[in-house]
Amino acid sequence: MLNDIMLGQYLDRDSIVHSLDPRIKILLVILFIIVLFISKTLLGYAVLGGFIIISTLIAKIEFKYILKSLKPLLFIISLTLIIHLFLTKGGEVIWEWKFLSIEEKGLNLGLFMAARLIFLITFTSLLTLTTSPLELTDGLEKLLNPFKRFGVPAHELAMMMTIALRFIPTLLEESEKILKAQKARGADFESGNLIQKAKSLIPLLVPLFVSAFRRADDLALAMEARCYRGGEGRTRMNELHLSRADYLIGGATAIFLIFVAILI
Amino acid sequence: MKPLIELNDVSYSYNGEEDFVLKDIDLNIEPGEFVAIVGHNGSGKSTLAKLLNGLLLPSKGEVKVGGLSTTSQEELWQIRQQVGMVFQSPDNQLVANIVEEDVAFGPENLGLPSEEIKARVKEALALVGMKDFARHAPHKLSGGQKQRVAIAGIIAMRPDCLVFDEPTAMLDPVGRKEVIKTVEDLNKNEGLSVVYITHFMNEVVNADRILVFEEGEIVLSGSPKDVFTKVDEIKELSLDVPQVTELAYHLQNSGLDIDSDIFTVNRLVEAICSLK
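Respectively, the protein sequence lines represent chains A and B.
Sequential numbering from 1 applies to the first sequence in the numbering used here.
Sequential numbering from 1 applies to the second sequence in the numbering used here.
Don't take every hint at face value.
Below, computed lysine to aspartate or glutamate pairings styled on EDC-like, alpha-carbon distance capped at 20 angstroms [unchecked claim]:
id, chain 1, residue 1, chain 2, residue 2
1, B, K60, B, E116
2, B, K118, A, E135
3, B, K140, A, E174
Derived contacts from chain A toward chain B, CB cut-off under 8 angstroms, selection only [what the hints assert, rightly or not]:
id, residue
4, K142
5, N145
6, P146
7, P169
8, A225
Computed beta-carbon distance windows for the label pairs [as the list claims (entries may be wrong)]:
id, chain 1, residue 1, chain 2, residue 2, range
9, B, D226, A, N238, 41 to 51 angstroms
10, B, A119, A, I52, 33 to 43 angstroms
11, A, G186, B, D240, 36 to 46 angstroms
12, B, S221, A, R149, 55 to 65 angstroms
13, A, R244, B, P173, 50 to 60 angstroms
14, A, P207, B, E116, 34 to 44 angstroms
Just so you know, the hints here were simulated from the structure itself, not pulled from any lab data.
The beta carbon of each residue, even a glycine, is placed where N, CA and C say it ideally should be.
Extracted from the complex, chain B is given alone in its bound form (with noise of 0.2 angstroms):
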């Protein structure tokens, strides 16, 4: 199958200079892929996530959505149809005082006929549970209940792709967990290739991939068995595997008979138990 987005050799650098954000990245995301991307602040993966729909150009390489090079005006606007984006802050990306009004703003851009808007608004705001908030003001919901919203005004524009720049780093641990269950069951239930970053490693236990950033380039990559096992290197880039994770990992080492793939309290409490 063809790559939904292809990354070739993608450096990025701010204002021109020498001193590369991203350095050759090369990348494909598949129809359908959970990726995530994990790293510092400044590991240049917020750069990268703009470059997913042409908010940014690349400096050197190519990004293309579709087949079509996010260069070319012309067909910008379809990438940014394809390539939809939910941004950190639940407040500065709501645009409308009415949370429907707000979830038609994409629609009402590509200029679709009204009743065609009304179906979608409908259907998006089923999908991330907020239904019966439609004629609510946005600043009167919860941070969770406002990214739902926000990822619901991208679902109206009926993209291939949702890009994430950490939607849950300003939320309390209720909204996270109400954000990540939403952004996993679309890619579940609706099939839309998901590019999740963060640096919260607990959240993409779930992920097809995980790419760990560090300095503009990929130092890691694989499913999150792969990459959590790899606990020490994990570490020297301090990051945080999950603590779970971690715990088996510290157990395995002091010579338990348990295994280091564990991501939930669930299975490392059925490996205890499961101990001779």
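Only chain A is shown next, with the shape it has when bound in the complex (with noise of 0.2 angstroms):
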């Protein structure tokens, strides 16, 4: 049940935006989302929607990924739509039945805040679909060197995902395997209500934490043995390298973005 869980929903193809270096694709996803706020007409949304839609073409990722990435947070997308519909008053009223009413704006600012949200989604599950996990923590990594001075611990943050990512799935493994052992021995994970449920929890969680503080005891005594001394001096097997594709593709696709915020 458990390993059902995607780690990352990489998906690997050979396409422009995979190779694309992960920097440029990150900032393009924050510049996105700027874009997505500042941009109010219909014209921009139908635009930037255009824009999701070919970056998916070229990317070679199939529409269905895309709609999956949207599923587990449809509720919120509707509730936001429905909240909107029937609370936001004003302009000619649309539909009505008892005390509710749809009026104009409300069902304007409702499409809105879907789309935007939906786009949202959308755009940065492109990025995690098309770019691997590694290459992601790599990117972060670089991008938040510069900060380095004020104190964010850019390495440290890279090494905690790598390994974070690394021990996911032994983690899933290891609490499916308690599970069991303690569904032997009599535990109930099923019945009562949620304050019952979560109770029933402890016999899992305290095992769990207890060997996850072994491992890391372990992983951190192997990673001594192996020269590792923090990213001081450290160099990587694949560095990052900034080609002229990436900056012409990144350099184009930001200025239709902000082409795209500032006129329309």
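Once you've looked at the hints, go ahead and assemble the two chains, each given alone in its own frame, into the complex.
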């Protein structure tokens, strides 16, 4: 059951979007989000929507994966839409039933907010679909590097992410094992109300934590034995290099997005 | 030839207590030698391993690697590069979520240029027979494969000596065989010194020297032949000699003309068949 959880959702394809430097991709996503929040016109949203579709096509990602990423947030999106529909008042009354009414402004705002959320999620998931977790961490480390002087532990954060990614499947496997072991001893994880259920997780969480700490201890020792001494003086096997294509594609897309924000 | 690792009167106690886990150990490890250390849990053998690369520092005495003392802070990293260490749990020593990246971890820490790291990773993975798994995720590998990746991660740092701290304790028989074969190959073909800690005697029949630890002291030492033929003494330490050796020993005791220095099934078969 637990094994079904996909680790990151990276899809290995041979496309320009995949080969783009992760730093460029991260920066473009940030820019896209800013533009998304500045843009207020229908045309602007249409252009941004088209932009997402074209990017997805270039990335050779099937649309079903993009739609899949929306699933967990469907509830929030519909909630946003419904709240705006019924609670935002102003403009012509479109529909009325007893005390409920939908007015023009509510409809507009609701649709815009929903579109905004959908675009936000689909575009960021395009980032994780086309960038491996490892590249993503490397990209983040490099982007945070300039902030080191302000005390941002860029290398440590990246290392923590790498280790977390490495150990999530291991710990999932382990929790499954403990779950079975406790069930075999008569532990009941299913019945009872929410509080009882939460309480019944204690015999799962305590051994899991104990073993996680033991693992951390072992790993620290193994890392030290392999000469790990922090980010200082450390090199990488796969250094990130910004190629001319990265600058060109990144620059062109950035100009396009800024153009959308200002003019439309 | 100068020994690779020298231990002079080394004692060690945790928390500075009087209760020593290791007592006055004198030991030299020569370049290219395969030394096996056998003993119970709590006999001090894992502590010894950690002393060899400065993960622990001796309470008394001195550990020297290639003439450098493990107590000097500046040379500690050079010592750890020279003496690589593989631990018991295959899961808890892999750092990255791609095999290749994990093998690169050590060389990256040494600050090598990226081209050099790539070459070393390739070479190391080939040496342990994991070349085809370079882009795999470690959690999808078997225990034996994970342990071989861990070994590759150490080899990529180009050490002179490999220390194995019960590398097969958590593996199934197949994984155990894979790892032992890898270790023996590295010792024979690459000329690396090996310090192999285990409580399975049958894993170390091909060692140059076996040291038996008990309560922090070396109680028996010598070639596998010397050690295994002392069946009674080893039984007294509640350790086991390889099954075939024990069988040969009993056959000999019951009056058959069979050598007691037999460590493999084939040799025993030969010996029995040549009985008159």
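Given the range 41 to 51 angstroms, decide if the beta-carbon distance of D226 of chain B to N238 of chain A lies inside it. 50 angstroms, holds
When you check the alpha-carbon spacing of K140 of chain B and E174 of chain A, does it fall within 20 angstroms? It holds: about 14 angstroms lies between the C-alpha atoms, which stays within 20 angstroms.
Can we keep the A225 of chain A interface hint, with Cβ of chain B closer than 8 angstroms? With a closest approach of 4 angstroms, the A225 of chain A hint holds.
Please test the hint of 50 to 60 angstroms on the beta carbon pair from R244 of chain A and P173 of chain B. Since the Cβ atoms of R244 of chain A and P173 of chain B sit about 55 angstroms apart, the hinted range of 50 to 60 angstroms holds.
If you take the shortest Cβ to Cβ gap from N145 of chain A to chain B, is it below 8 angstroms? 16 angstroms, violated
I want to verify a distance hint. Is the separation of the beta carbons of P207 of chain A and E116 of chain B within 34 to 44 angstroms? 43 angstroms, holds
Could you check the hint for me, namely that G186 of chain A and D240 of chain B are 36 to 46 angstroms apart, CB to CB? This hint holds: roughly 37 angstroms between Cβ atoms.
Using the C-beta atoms of S221 of chain B and R149 of chain A, is the stated range 55 to 65 angstroms upheld? Because 56 angstroms falls inside the window, the suggested range holds.
Grab the minimum C-beta distance from P169 of chain A to chain B and call the hint holds if it beats 8 angstroms, violated otherwise. At about 4 angstroms, which falls below the 8 angstroms cut-off, the nearest Cβ of chain B leaves the hint on P169 of chain A intact, so it holds.
Given the hint that K118 of chain B pairs with E135 of chain A, test it: the Cα-Cα distance must not exceed 20 angstroms. Roughly 17 angstroms between the alpha carbons, so the hint for K118 of chain B and E135 of chain A holds.
Does 33 to 43 angstroms hold as the CB distance between A119 of chain B and I52 of chain A, or does it fail? 41 angstroms, holds
Does E116 of chain B lie within 20 angstroms of K60 of chain B when you go C-alpha to C-alpha? 39 angstroms, violated
This entry does not satisfy hints 1, 4, 5 and 6, going by the numbered hints stated previously.
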